[in-house]
Amino acid sequence: MNAASVRLTRWAVIIAAIAALEIVPRAGLGDAITLIPLSRIVPEFFELLSDGELIPHLLSTGGAFVLSFLLAGVTGVPLGYLLWRYEPLKRTLDPYLTTYYAIPIFAFYPLLLAIFGFNILPVVVISWAWAVVAVVLNTAIGFGEVPRVLIKVGQSMNLSRWQLLSRIFFPAAVPYVFTGLKLGMVYSLIGVIASEFVLSTQGLGYLVSYNYTNFRTAAMYSAMFLILFLAILLNWALNSIERRLYEHG
Amino acid sequence: MADAAEQTARTPGGEPGKTSAWQDPVRIAQLLFPLALLALWQILAVVLGDFFVASPLASLNALLEGVGDGWLGADAGVTLVALVYGYLLAVVLGVVIGFLLGLSRFAYAVFEPIVVALYALPKVALYPIFLFAFGLGIASQAWFAMFFGVFPIIIFTMSGTRNVSEVLLKVGRSLRLSRLQLFRTIVFPAILPSLVAGLRIGFGVTFLGVVLSQMFAARSGLGYVLVQSVSLHDMPRLYGLVLLLTLFAFAVNGAFLLWERRLTRNRPSEKGAF
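Going down the list, the sequences are from chains A and B.
So the first sequence is numbered by our numbering: it starts at 1 and just counts up by one.
So the second sequence is numbered by our numbering: it starts at 1 and just counts up by one.
Rather than coming from a laboratory, the hints here were simulated on the basis of the structure.
Just to be clear, a hint being listed does not mean it is correct.
[Stated by the list, open to error] Pairwise CB distance ranges, derived in the manner of DEER restraints:
| id | chain 1 | residue 1 | chain 2 | residue 2 | range |
| --- | --- | --- | --- | --- | --- |
| 1 | A | ALA27 | B | ALA251 | 45 to 53 Å |
| 2 | A | LEU8 | B | GLN181 | 35 to 43 Å |
| 3 | B | PRO34 | A | VAL42 | 49 to 57 Å |
| 4 | B | ARG262 | A | ILE241 | 48 to 56 Å |
| 5 | A | SER166 | B | GLY135 | 54 to 62 Å |
| 6 | A | VAL24 | B | ARG173 | 39 to 47 Å |
| 7 | A | GLU145 | B | GLY135 | 45 to 53 Å |
| 8 | A | ASN214 | B | GLY135 | 14 to 22 Å |
| 9 | A | LEU228 | B | LEU247 | 30 to 38 Å |
| 10 | B | GLY73 | A | PRO147 | 51 to 59 Å |
| 11 | B | SER231 | A | GLY63 | 20 to 28 Å |
| 12 | B | GLY49 | A | TRP11 | 56 to 64 Å |
| 13 | B | GLU166 | A | PRO147 | 24 to 32 Å |
[As the list claims (entries may be wrong)] To spell it out: a stretch of chain B is covered by chain A in this simulated footprint if at least three of its residues, at any positions, have a beta carbon under 8 Å from a beta carbon of chain A; those stretches are:
| id | region |
| --- | --- |
| 14 | 102-114 |
| 15 | 202-209 |
The beta carbon of each residue, even a glycine, is placed where N, CA and C say it ideally should be.
Next up, chain B with everything else stripped away, as it sits in the complex (with noise of 0.2 Å):
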């Protein structure tokens, strides 16, 4: 998926210098893209009508009376809560793993399918031995969502270590650096681009993980407002809660992806990667 989005950066239609961004009808269409869904969504609300579809307006005003009425806020608090728990457990648990593994060539060639397969199962009917282990409430969710986002970081993490190129490595031990500027000027740098593309697509699980698991016997979270909102068949909210999840996944992956670009953009591109 990140190979896709590198295409976009590396192959510019027509000619677009960098002055004539604006006038490439490739961005023109990309920024009117999410307008043209924002219109479909607003022609559905009027041709279904608002038992099925609440229209933009009405959805915007539900969130908006829900921060007025505080609920949205100490739901939307207690999700952030849980997101950042586990994602902090996911990336440690993740980094830490995923380096380990990454080191030796016989324990990445023994665990990596392993932890590839653990990633494809369906995980979410195992958050029942999770809500034994923590009980109700925030930690459940959160390492529940640890167990979702931890596994693209250690498969990121695991290939980017296992790919430090040897030859990097011999001309940092011929300039006799110590471990730690070994660690710091070449291992470091050189499995930033990896690890950083999985905090990305861990992030997005981990995310996931939290509102499956607040839609799951919770009293509180975005999730649970969500699960909610169907049995008062409130559609405004509804609509509103999807809305504002998809708008801040949106907002964070494409602040991970600036900072990926970032990164490689000096860097020749290395295909392989995921």
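Same shape as in the complex, but just chain A (with noise of 0.2 Å):
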């Protein structure tokens, strides 16, 4: 088994995949009206990226996107490092942190709508609290996984509790931390497109469900292909991010 034939393959069945989009519609094997092949969404999906009508959705979801994200790492972070630095704190909530994710937290998405009311503050709140758990997380291993050894470097240097801090247990500290920001975007941009779809005013999420429950399907499925294509880019370039710093960590 090589590399090269694993990645050919690979790609094999992802072409495969896209062209069966096309083929199936095209063969009959769907209702005609909902199953449409990809040569016509495509220049569909044209029309709506040089359409200005596409212009206030892409920017709501992108502002709700980075708000959220942003407040996931600027909360994350330091509950991380504090969770980390108060031990019985860590072990205390453990068992609840893992459990977070079980929970289906856009149960809490109606809640926010009552009281926020239709606008962008809860889409930005359920897709922080679906982020930032999974920052909190990452970061309490991170600094967890400092080598002992860099530690111990440290500490026969005589550096002062900052410089161990800033020198040592930061920089290892970085790959895991950055891993849950990674993850952290991810789920923002979830939590956003999904809190959009389900139920708001505006945004990409919204533009899908508007164009369902007008029947514009051709509309709707370049909406989706929009949504894909955003978030492979998205966890594209982050993963090689990812890939670059543990090679050097």
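Combine the two chains into a complex, taking the hints into account.
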């Protein structure tokens, strides 16, 4: 087994999946109204991109995404650090933190809508809540995984507490914190799209549900493709940065 | 995430032997944590008023009224049916696909990144495709929830199968075990711990899928009642339902965690299984 043949097969699988999106609807294997071949969605996709109507939705999704991710980073990293510093606190909260993602957090979204009204705030809050715990957990793990040798070297050089933190702990924890931030970013995006789709008045997720309820099937698919395209791009970029960080670490 | 849970099990604070577990301050703090949340909830209800926060008692009352009126039983029933239906689909498909992909080193290398990438995509917006395929109703909710839950189950089953120890397999073969015996005595017990972790995480995600799908274009189910309560601004009902869903998820997840812990207790810890 060599890496090239693995990669080749993987691309063959992906291309076959994309081809199926064209062939299955054309072969009449489904309802002609709801199942549209890829070649009819792609022009719609570019029309969506060039159409000015898209811009407010893109801005709304982008704004909510950036805001909730920044909030998750700004609150999650210090909280993770605190958890690592105060071991009893970490051990107390551990069972709750590990159970956190088992809870359907989006059940809180209608609650937030009832509190804040229909605007960007409930979207940001729910996406932050969805993302922040991943950041907290990975930051706490990252500081815990700093090799003992490095700490001993630092101590033997008589580094002060602050020097020890800034020269040893922070650099050593960077890859883990980045993994946390990466998950936070992915979760923020999922949170924003999900809440927009379920119940809102703006954004790319809303665009899908709007086109669905108005029977604009081709436009609906093109909005879906835009979401998936942006998400894949984001994941790909984050994963390549992450790989580089761990190689150096 | 499983790692963190294991750590709690492995590093008990100070020297709490079995007898002094109840004197361990961490243990006590853990038990007090839900009470602290409850107290915080009550305080917020008093400070912010019932337009924003329904008190715990009012929320509980709304649930009890729901039981009396019958809607809670009916809608919880719809959610439960969709959940069981979707979860069974996710488990069967996830375990079979994960096991098959894990058997071959080549298939594993080809598909692992694809499955992981699919897991990380915002799949919610694809729900209309399921509505087209299965119509409005429980089937579309169940298949959509399956689409959420199947990926973690595939990933954990796949890596569990991939990591079955070569040495153990050789021992089994040298004992001339039949294929069935080999599976029952070596392969299955080796896969089980990571399989159970996959089943646990898959359950949580499937549940999320059911609730989300019922929030969109549904006529019944707890997700539907949640969204309906927003337009009615029925705060006690909203808080009550969120509490109910949270406690249910917490309880099921706890049961899975206990099962996992029992499986891994007598084994050397295997790092790297997420």
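Results for each hint:
1. A:ALA27 / B:ALA251: 45 to 53 Å: This hint holds: roughly 47 Å between Cβ atoms.
2. A:LEU8 / B:GLN181: 35 to 43 Å: 38 Å, holds
3. B:PRO34 / A:VAL42: 49 to 57 Å: About 52 Å separates the Cβ atoms of PRO34 (chain B) and VAL42 (chain A), which means 49 to 57 Å holds.
4. B:ARG262 / A:ILE241: 48 to 56 Å: This hint is violated: roughly 39 Å between Cβ atoms.
5. A:SER166 / B:GLY135: 54 to 62 Å: Cβ of SER166 (chain A) to Cβ of GLY135 (chain B): about 60 Å, so the range 54 to 62 Å holds.
6. A:VAL24 / B:ARG173: 39 to 47 Å: Roughly 43 Å apart at Cβ, these two residues keep to the hinted range, so it holds.
7. A:GLU145 / B:GLY135: 45 to 53 Å: For GLY135 (chain B) against GLU145 (chain A), whose Cβ atoms are near 49 Å apart, the range 45 to 53 Å holds.
8. A:ASN214 / B:GLY135: 14 to 22 Å: 19 Å, holds
9. A:LEU228 / B:LEU247: 30 to 38 Å: Cβ of LEU228 (chain A) to Cβ of LEU247 (chain B): about 34 Å, so the range 30 to 38 Å holds.
10. B:GLY73 / A:PRO147: 51 to 59 Å: The hinted range 51 to 59 Å holds for GLY73 (chain B) and PRO147 (chain A), with Cβ atoms some 56 Å apart.
11. B:SER231 / A:GLY63: 20 to 28 Å: For GLY63 (chain A) against SER231 (chain B), whose Cβ atoms are near 26 Å apart, the range 20 to 28 Å holds.
12. B:GLY49 / A:TRP11: 56 to 64 Å: Once the Cβ atoms are compared, 59 Å apart, the range 56 to 64 Å for TRP11 (chain A) and GLY49 (chain B) holds.
13. B:GLU166 / A:PRO147: 24 to 32 Å: 29 Å, holds
14. 102-114: holds (count 7)
15. 202-209: Answer holds; 4 residues pass the 8 Å Cβ test.
Hint 4 from the earlier list is the only one contradicted by this structure; the remaining hints agree with it.
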